[in-house]
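Asker: Protein sequences, first through last, are from chains A and B. For the first sequence, position 129 matches number 128 in numbering that gives the first Met the number 0, and the numbering has no gaps at all. For the second sequence, position 45 matches number 44 in numbering that gives the first Met the number 0, and the numbering has no gaps at all.
Derived from the structure by calculation, the hints contain no laboratory data. What you are looking at is a predicted structure, and each value in this text was computed from that prediction instead of being measured. Glycine residues also receive a C-beta, built at the ideal position from the N, C-alpha and C atoms. Please note: incorrect hints may appear among the correct ones.
Some but not every residue of chain A turned toward chain B, in silico, with C-beta under 10 Å [as the list claims (entries may be wrong)]:
#  : residue
1  : VAL9
2  : GLY84
3  : THR87
4  : THR91
5  : VAL92
6  : VAL96
7  : HIS100
8  : VAL101
9  : ARG105
10 : GLY106
11 : PRO107
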Amino acid sequence: MERLHPRVRVVWSVGALVSALFVAAIVGAVAVFAPADAAYVGWLTLPYAVGVFVVFAALGVVFAVLRYRVFRFEVREDTVFIQRGVLTRVRTVVPYVRVQHVDTQRGPLERVVGLSTVVVYTAGSRGADVSIPGLTPERAEELQSSLRELAIESEPEDAV
Amino acid sequence: MKLHPLSVPYRALTKGVQLGWAAIFGIAVGSGSGAFVEYWPFVVAGVAVLALLGVGYQYLYYQRFSYELTADTLDIGSGVFARREREIPLRRVQNVDVTRNVLQRALGIATVNVETAGGGSTEAKLECVSAAEAERIQSEIRRLKKGTSAEEAAAEPEADVLYELDDSSLVAYSFLSFDPRVASGLVVVFPLLGPLAAALGIGGIRNGAAAAVLVVLVGLGLLVLVAGVWLASAAFRFVKFYGFRLRREGDDLRYERGLLNRYTGTIPLDKLQSVSVTENVLMRRFGYAGLAVETAGYAPGDAPSGGSEAAVPFAPRDDVVALAQTLEPFDSIELERPPSRARRRFAGRYSILAGVAVVAAYGAHAVWGVPFWWLSVALFPVAVAGGHYRWKHLGHQEQAGYAVTRSGFWSRATTVVPYYRLQTVVESQTVFQRRWNLASVVYDTAGSRRLAGGDATAHDVDETDATSLRDRAIDRLRESLGSE
C-alpha cells in the first residue's frame with residue numbers, strides 16, 4: 000500500500016497552527032479588551048491566550064502526525080482503496096466504473112511545499128469523501144491520468 | 000402555448016400576500032404600529048400603487064411566457080426583463096409533478112413542476128395552466144419519452160392501481176404515525192415555561208405535599224401536551240395523505256394525494272436506487288409499515304413541489320414487502336443481528352450519557368437546590384434497556400443480488416440496496432468500535448436521501464466480517480455489471 004509524502008505533515012501542522020493562532024487571538028482579544036472587574040472574564044489574562052495556543056497547536060501537530068501514519072491508499076485492479084481517519088477510521092473502496100471525474104487540487108500551502116491533492120468524484124452521496132492529499136505533483140498527475148484511463152476503460156455505467 | 004389567463008390574478012395575489020406580509024412585518028418592527036395609524040392615507044395609496052404594479056408585472060409575465068412540447072424537447076421562453084429560452088430534453092426529465100392548492104382548485108388551474116436528473120431544484124415551473132392541460136402535459140411527456148404514438152398510447156390499458164389508502168387505514172395511519180414537524184412546533188412552548196413557573200410560585204415550594212402536587216400537575220400538563228401534539232400531527236397526516244393512490248404506468252409509479260392541496264407526482268422506476276420498509280414503533284406494534292423508495296438525484300419529498308416521502312405510506316407489513324418485491328425482486332428478509340458485544344457497547348454508551356445527566360442533576364441540586372435530583376438515577380436502567388433495543392433492531396443480510404440493512408428503534412428502516420447500484424463501499428470504525436473489534440459498512444448509492452434514515456449501513460458488524468462484507472459487495476457489483 001502506498002503512503003503519503005512525509006511533507007504532508009508540514010501542510011497539516013501549519014494548518015493546525017493557523018487555527019490555533021486564530022483561537023488564541025480571540026482569547027487574547029477578550030483578555031485585553033474585557034474590563035478587569037467583569038465577573039466572568041476578569042481573571043482572563045494574556046498568558047491564558049498563550050496557553051490556549053500551545054494546547055491547540057500541540058493537539059493539531061499530534062493529529063497531523065497521526066493522520067499521516069493512518070493514511071494509506073492503493074490503486075488496485077479495478078478499485079481504489081483509501082484508509083484514513085484518526086478517531087474514526089474509514090476505509091473506502093471506489094470501483095473505477097463509478098468514477099465520474101478526477102481532479103487535482105493545490106492549495107497555497109501545498110504549493111509552497113510542492114504537494115498536490117487528487118479528488119475522485121462519484122455520483123454517490125459521499126462522493127466528496129474520496130480525496131488523496133500529500134502527493135508529489137508528478138505522482139498526482141500520474142494518478143489522475145491512470146485513474147482517468149481506468150475509468151474510461153471500464154464500462155461507462157454510472158447507475159444513475 | 001400560453002399559461003392559463005387566471006394565472007395573472009392568482010400569481011398577483013399569492014406574490015402580493017407574500018410581499019405584503021414581509022412589508023407589514025418590516026414596517027411594524029422598524030417603526031412600531033403607530034406609523035400605520037398616523038399615515039394611513041399614504042399606506043393605503045402605497046399599497047394600491049404596489050398592487051397595480053404587481054398585477055401589471057404579472058400580466059407582462061403571462062404575456063411573455065410561452066411553452067411548447069415538441070417531439071423530444073420541452074421549450075420554454077420566459078422573463079419580462081431578462082429573457083430566458085430553454086430546451087429541456089425529454090429523456091432527461093425525471094418527474095412531472097402537478098400541484099393544486101385550495102385556491103387553484105377553486106379556479107380550476109394547476110402548477111406543473113418538471114424535474115430533471117442531477118438537479119436538486121425544479122428545472123421548469125409552469126404556473127399556472129388549466130387542470131386538463133396539466134394532465135395532458137404529464138401524459139404527453141410520458142408518451143413522448145417512451146416514443147409511442149398517440150394511438151398506441153390510447154390503446155394502452157388503464158394503469159393498474161397498486162395501492163389505495165382507504166378511509167379506515169387513513170385514520171389509523173394518521174394516529175399511528177408521527178409528523179416530526181409538529182413536534183418542532185413545541186419549541187414555541189419552551190420559552191413560556193419559565194414565566195409560567197414563576198407565575199405559579201414554583202420556586203417557593205419547599206414542603207413535601209406541595210411538591211407532590213406539583214409533580215402530578217406537571218405530569219398532567221405533559222400528558223395534555225403530548226395528546227395535543229399527537230392530535231395535531233394526526234390532523235396534518237390526514238389532510239396530507241387523504242385519497243392517496245399509487246398506480247403503475249409503464250416504468251413509472253404515479254401517486255396522488257391530499258385533501259386541500261392536491262399533489263400528483265411520478266417516481267421513475269428505472270432510476271430506483273434502493274427501497275426501504277419503514278415502521279415507527281407504533282406501526283410496528285400493530286403490524287403495519289410504509290414503503291419508501293429512493294431515486295437518483297431526486298428524492299420524492301425534498302423537491303420544491305413537495306412530493307410524497309413514501310411510495311406507500313401505510314399498509315400491512317406483508318403487503319408492503321410484497322409490493323417492494325415487485326419493484327426489486329429480493330428474497331425474504333432474514334437478518335443477522337450484530338454480535339452481542341454490540342449490545343454491551345450501546346448499553347455502555349447510553350449509561351455514560353445517563354451518568355452525565357445524573358451529575359448535571361446533582362450539580363443543579365447543589366447550586367440551585369433543585370429537588371428530587373436522585374430521580375435521575377432511574378436513567379441507568381433506561382440506558383441499559385435502550386442499548387438492548389438499539390441492538391435488537393440492527394441487522395444486515397447478504398442476498399444474491401441485494402444487501403439488506405436495518406436500523407432504528409423509534410423509526411425502523413429496513414433498506415434493500417441492489418449491488419449493481421453501489422457507488423462506493425465504506426467501512427468505518429470509531430474509536431469506541433475499535434475497542435470492541437466492531438465496524439460499520441456503508442453501502443453508498445447515488446440516492447439523495449436527506450430525510451429518512453441516512454445511508455444503508457450495516458452497523459456494528461464484527462471487524463473481520465465487515466472487511467469481507469465490503470470486499471464481497473464490490474465483487475458482486477463487478478459480477479452484476481459483467482452479466483448485464
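Asker: For every hint, state whether the structure bears it out.
Answerer: Results for each hint:
Here the hint on VAL9/A is broken, as its CB sits about 26 Å from the closest CB of chain B, past 10 Å. The beta carbon of GLY84/A comes within 7 Å of a beta carbon in chain B, closer than 10 Å, and the hint placing it at the interface holds. Interface hint at THR87/A: satisfied, since its Cβ lies 5 Å from the closest Cβ of chain B, which is below the 10 Å cut-off. Proximity of THR91/A to chain B holds as hinted, the smallest CB-CB distance being about 5 Å (cut-off 10 Å).
A distance limit of 10 Å between C-beta atoms decides the matter here; for VAL92/A the minimum to chain B is near 5 Å, and the interface restraint holds. Interface hint at VAL96/A: satisfied, since its Cβ lies 6 Å from the closest Cβ of chain B, which is below the 10 Å cut-off. Against a cut-off of 10 Å between C-beta atoms, the interface hint on HIS100/A is violated, since the closest Cβ of chain B lies about 14 Å away. With 10 Å as the threshold, the beta carbon of VAL101/A stays out of range of chain B, its nearest partner Cβ sitting at about 14 Å, so the hint is violated.
For ARG105/A, the interface hint is violated, since its Cβ never comes within 10 Å of a Cβ in chain B; the closest pair sits about 24 Å apart. Contact between GLY106/A and chain B, as hinted, is not supported at the beta carbon level, the nearest pair being about 24 Å apart and thus beyond 10 Å. Checking PRO107/A against chain B by beta carbon gives a least distance of about 29 Å; that is not within 10 Å, so the hint is violated.
When held up to the earlier numbered hints, the structure conflicts with 1, 7, 8, 9, 10, 11 and fits the remainder.
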